[in-house]
Amino acid sequence: MSERIGFYICHCGINIAYRVRVAEVAAYASTFPGVVVARDYLFMCSDPGQELIEKDIKSFDLTRVVVASCSPRMHEKTFRAACGRAGLNPYHAFHMVCVREHGSWVTENEDEATEKARVIVRAGLKRVSFQDALIPSQFSVNSNTLIVGGGIAGMQAAIDIASAGFKAYLVEKAPTVGGHMLQYDKAFPTLDCTACIGTPKMVAVGQDKNIELRSYAEVEHVSGFVGNFQVTINNKARYIKTNCTGCGDCAKVCPVEFPNEWDVNTKMRKAIYLSFPQAVPVRYVIDKKSTAPCRISCPAGTNVQGYVQMVKTGNYQQALNIIMERLPLPGVLGRVCPHPCEADCRRAQVDSAVSIRDLKRFAADRGRLEDVPMPVVEEIDKKIAVIGSGPVGLTVAYYLRRKGFKISIFESMEKPGGMLRTGIPDYRLPPSILDQEINHILSKGVELKTGVALGRDFTLAGLKEQGFDAVFLGIGAHVPVKMNIEHEDAEGVVDAVLFLKKENLERAGSAKKRVVIIGGGNVAMDAARVAVRSGAQSVSVVYRRTEKEMPADHEEIEGAKEEGIEFITLTGPKKVVTENGKVVGIECIKNELGPADAGGRRRPVPVEGSEYVIACDMIIPAIGQSVETAPVIKDAPFELTAWGTFKVDPDTMQTSVPGVFAAGDAVTGPATVVEAVAGGHKVVTAIERYLKGQMDLFEAERKEEAPVSVEPDYVPIPENAGAVARARASFMAPQSRTSTFDEVDLGLSEAAAQGDAAKCLNCGGCCECKLCVDTCKAKAIDHDIKDEREIVDVGSIIIATGFDPLDPTPMSQYGYGKYTNVFTNLEFERLSNATGPTLGKLLKRDLNDRLKFTEPPKSVAILHCIGSRDINYHEYCSRTCCMYALKYAHLIKDKCGHHTEVYNFYIDMRCFGKGYEEFYKKVQSEGVRMIRGKVGSIKEGPNGMLTVVAEDTLSGRMLAIDVEMAILCTAMEARTNAPDVMRKFGIGIGADGFFQEEHPKLAPVSTPSSGVFLAGACQGPKDIPDTVAQAKGAAAECMALSAKGIVEVPPMISWIDPDVCVGCQVCIGLCPYTAIEFDDFNRISVVNSAVCKGCGSCAGHCPSGAAKVRHFKDQQIFAEIDGLLLN
Amino acid sequence: MSEFEPKIVGFFCNWCTFTAADLAGTSRLSYPHNIKIIRMMCSGMVDPKYVIKAFLNGADGVLIGGCWPGDCHYINGNLKARRRVAMLTEILKEYGIDEKRFWLRWIAASEGTMLREVVNDMTAKLKELGPSPLNREALGEKSEKAKMIG
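Chains as they are written, first to last, in my numbering: chain A, 1 to 1127; chain B, 1 to 150.
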């Protein structure tokens, strides 16, 4: 059957006809093969226009119809429906070409526009004959609606949907619903209180059975299609369970404060908080960020931020309790820890790191060990032998004891403490502190046997016989490493470990007159400083690199220098010079720094011929220690590393002998106390699992994928954080130090400690001091709650994500953020609001403290159009500012007294809504001064007075007006995350950044994504009445879908011709929706039409041409190309 | 002799560039009439043979318009278009079609002004470049290549 085509070109009033000679195009079309009727008509989309087509189809027996008019995105549906009504399959019969948006409106020349229209029409006429009949598929509609955003738009839509009997999921990112409207004070023009009209809505969404409120939650992912969406919602952890009563006891004890976002930072809140008293749900939330860097960098994982906050608030006992969660020896580590935490402290970006170690010592000095609570646990009938009572042994003993195990410590020396006692000099670590802390551990039921050595007095086998279920080896590294130079066994050469042990335990005074120390580590510094105290007259430290490369702590090097110790760097020992077998000097050689070694340190290279002798009576090498493994390995087959340390599994810390664990220096070689404690914690976990038969947990953890490292999300550094000098501990005067072993570092004063703790930025948000947990009577707080994801099925979606107020800081001419009494509109709203920082009083800020408010202003300038109608920011009008500016003027007159001068600087007054113009008149009559002119600049005088400069464009005069307060009426702008939301929901963004509605007039709440609707200011600036109206519109759209229950999905989807497909399966990999499956029996790929969305990824690639998108088939596109290019 | 008017075929994705063309229209941003638009659902469905067909039919330029990477309505169709265009450009060069005649541009629905700029730019460049070797209409029978292929 030959085709009978009808052609229609629309004048669109004059929109098309003013450029395109429509009659000429119709005449051209009539000459086209198959065209039986060609007409031009004033409004094709009108009823008579559509009837014209319908009538022609019947009377001319048309098979195809081409309409040339506006964009098919506008009226394709209209004409398809007309064809359908006349009995044709619209997909078969109808094609639309665009001669308005792509023709008359973009072409200036009439001839060119007409020619372009002719070509486009030709392409359409060629294409239409190749079109196929298609039937849209129908799907059922899930009657639930998802609403994103809990502002007034979202709340209203949810209430409407719920009252129609459908279910609404209302997802709000903030901890409370309410949105911007609830931050405001009064609503223009009626001046009703927003809380009075807004809180009932909040309560309704919190209580309605048909509304599932998900506050503090975000939509993560959306899949599916209209009527059948699957939405993944991430319910962020609040750390507060639903039984929270909102009493606020927790906030009273919380030590951490941040600016309250709800009050636009005009007021502080705690880390555990309720945004404002009427929040819905009335449920607190804890503000947690990424774990603070200090806590991460502590090898033992101590909650540094927690105890620093406790010191700040003077709760020293709780500080000590927090420290004792991870460190069994707080006073020891408060003195000797090399504090890697301080290196990572973010406060250093402002001034200097918080003095964390000194604060730990302060807490340990002030808190009482006896009051540190032990967890209430049942005694476990398992015995563990801990060999060695150094820091690692004490850690293992204490924390396993806390879990209820029975512990016995075996120590080879007479007193416990290991290297802490023998290696660390008393002026750094007084023995009384060590004794006190060890005694505390022992007092918890830990048994200690001293003077017994493994391999000498007992064996591992013996321990087993005694009924020990597990053994821990923490024997340390006490054997000196040799220098390997001539005469190093001469009298007068004493290794540092032995020297320190002798002096620490016996106070032998064994130093000779002239002492040379070899080495640059902490042990070398200790030996040097002890030598000074043990009778040496001169002490020199010989080190082979420069001072910069010395591994010793900076404090130790400085302390040594203060005590008169000489540093000889870039020098290495060559041989010991002796006379009669006694030391008289050491021959050294000068070094220079060569290339860096694998560790990045530059290797010292000896300078030939630079040898010289340093005269001395005593040489103390301090170049390292090794582990005394010999007595142990004869007992059991322990494997050792190349370094002579015990080989352990890095996760379980188990040695090659089952049931025997090791950590500390015996595994790592000489290291720090805190590293030993860290190893001890790993052993505690391992032994507990070993004894409970849970070692497979390690295997499971090993298999877990390493978490993807994401950029840490810390609390931002406050812009107003001023530099504060680092707290300095007081020290004993250097001259009095050399004669005594008394402690040099005298610690911080209380004021200095609290002041330094106050410097902490609380990088991690909540400091996890857990005071709130103890204080909560409802037991509603759980710091271990995790984010929870849920998937909900919905049929329709409303986006009501609102707007962001523009940040005027970059507009330096207005001095926002710099001048004390320049406010934004939102800040002013919070001032005026009864729940704000001033409880509703309009007060000026204190010049010295932005968080303090003093007295009412006597004069105020209100600046309109800040960032709106401004080519540098937003060209659009924000539509609300004129009105709220008038409201502010009224409120100022009302609250501060009629004598207060109020100046409104406007460009044009836009009072377009119902009752708005009347409100304008009323405010004018109250004596508010209206000045037509945009403010050029604000300057602050020394007394905080602001000078506002503007041109009065009505009188043509320049004005400079002094006021005490200025309010910037900032623009409403699209949310910064609008592009993310756009992608998630497949909608569009307009040039202004707001979400694009499907049609500016006729589909103002629809989007190009079927089933996704818009409401409120996310679509463009609007006031509350418009927002509510739009929300009701969007709700109506959703209810229409839900009520109908059936939706038609366009049939333009892919199809794979089974006769052509060769089964290469390339399309399967390309399909973004996994809509193509392979039919194994027929060896071909098959499209699942319920899942396919018709993107054509398969068709664009299919090498055999089997995959095609219906309505976009090759013949159809080829015909269009032919039409465009060939006559 | 009148100035050479290049013929440009635009394959525009329905969600971004086609909508941008609509926006250019409603914003009355005029641009050269040389471009004629074919509506595709996605730049990723533009089969290479459509482009070849356009050039064989004498098009002086082909412009594929899609959403910005990451903004594709169909997740990643535009990235498939990008890969395909890279390959096709090389093939077209082998047949004497200058790569300056074959453009792929990301133009979002809100970028009506960008659409105008691209069309302005492309038309001007093609005018400089002269007719495609396959544009028999403009070259008459002068083009050896046209004869060979035709």
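These are computed hints drawn from the structure, not numbers from a lab.
It is possible that some hints are incorrect.
Derived DEER-like restraints, expressed as beta-carbon distance ranges [claimed, not checked]:
1. B:117 <-> A:875: 14 to 22 Å
2. B:117 <-> A:810: 48 to 56 Å
3. B:117 <-> A:709: 20 to 28 Å
4. B:91 <-> A:36: 39 to 47 Å
5. A:1090 <-> B:91: 53 to 61 Å
Below are the DSSO-like pairs computed for lysine-lysine, each with C-alpha atoms no more than 27 Å apart in a straight line [what the hints assert, rightly or not]:
6. A:501 <-> A:582
7. A:1113 <-> B:125
8. A:841 <-> A:818
9. A:464 <-> A:647
10. A:939 <-> A:841
11. A:1113 <-> B:127
Negatives, chain B to chain A, calculated, CB over 10 Å [claimed, not checked]:
12. 23
13. 37
14. 124
15. 127
From a predicted model like this one, the values you see are computed outputs, not experimental measurements.
Glycine residues also receive a C-beta, built at the ideal position from the N, C-alpha and C atoms.
For each hint, the structure was consulted:
At roughly 18 Å, the beta-carbon separation of residue 117 of chain B and residue 875 of chain A lies within the given 14 to 22 Å, and the hint holds. Distance hint check for residue 117 of chain B and residue 810 of chain A: the Cβ-Cβ separation is about 27 Å, which falls outside the suggested range of 48 to 56 Å. Against the hinted window of 20 to 28 Å, the Cβ-Cβ separation of residue 117 of chain B and residue 709 of chain A comes to about 41 Å, which falls outside the hint. Judged by the Cβ atoms, the range 39 to 47 Å given for residue 91 of chain B and residue 36 of chain A holds: they are separated by roughly 43 Å.
A C-beta distance of roughly 36 Å is found between residue 1090 of chain A and residue 91 of chain B, which places it outside the suggested range of 53 to 61 Å. Restraint check for residue 501 of chain A and residue 582 of chain A: satisfied, since their Cα atoms lie roughly 22 Å apart, inside the 27 Å limit. Restraint check for residue 1113 of chain A and residue 125 of chain B: the C-alpha separation of about 32 Å exceeds 27 Å, so the hint is violated. The hinted pair formed by residue 841 of chain A and residue 818 of chain A meets the criterion: a straight-line CA distance of about 23 Å does not exceed 27 Å.
Taking the CA atoms of residue 464 of chain A and residue 647 of chain A, the gap is about 21 Å. The hint holds against a cut of 27 Å. As the CA atoms of residue 939 of chain A and residue 841 of chain A are separated by approximately 25 Å, the hinted pair is consistent with the 27 Å bound. A hinted pair counts as satisfied when its Cα atoms are at most 27 Å apart, and residue 1113 of chain A with residue 127 of chain B does not qualify at roughly 32 Å. At roughly 8 Å, the least C-beta separation between residue 23 of chain B and chain A is not larger than 10 Å, which violates its mark as non-interface.
Separation of residue 37 of chain B from chain A is inadequate, the least Cβ-Cβ distance of about 6 Å not exceeding the 10 Å criterion. Annotated as non-interface, residue 124 of chain B keeps its C-beta farther than 10 Å from every C-beta of chain A; the closest such distance is 16 Å. No Cβ of chain A comes within 10 Å of the Cβ of residue 127 of chain B; the nearest lies about 15 Å off, and the non-interface call holds.
The structure is inconsistent with the numbered hints 2, 3, 5, 7, 11, 12 and 13, although it conforms to all the rest.
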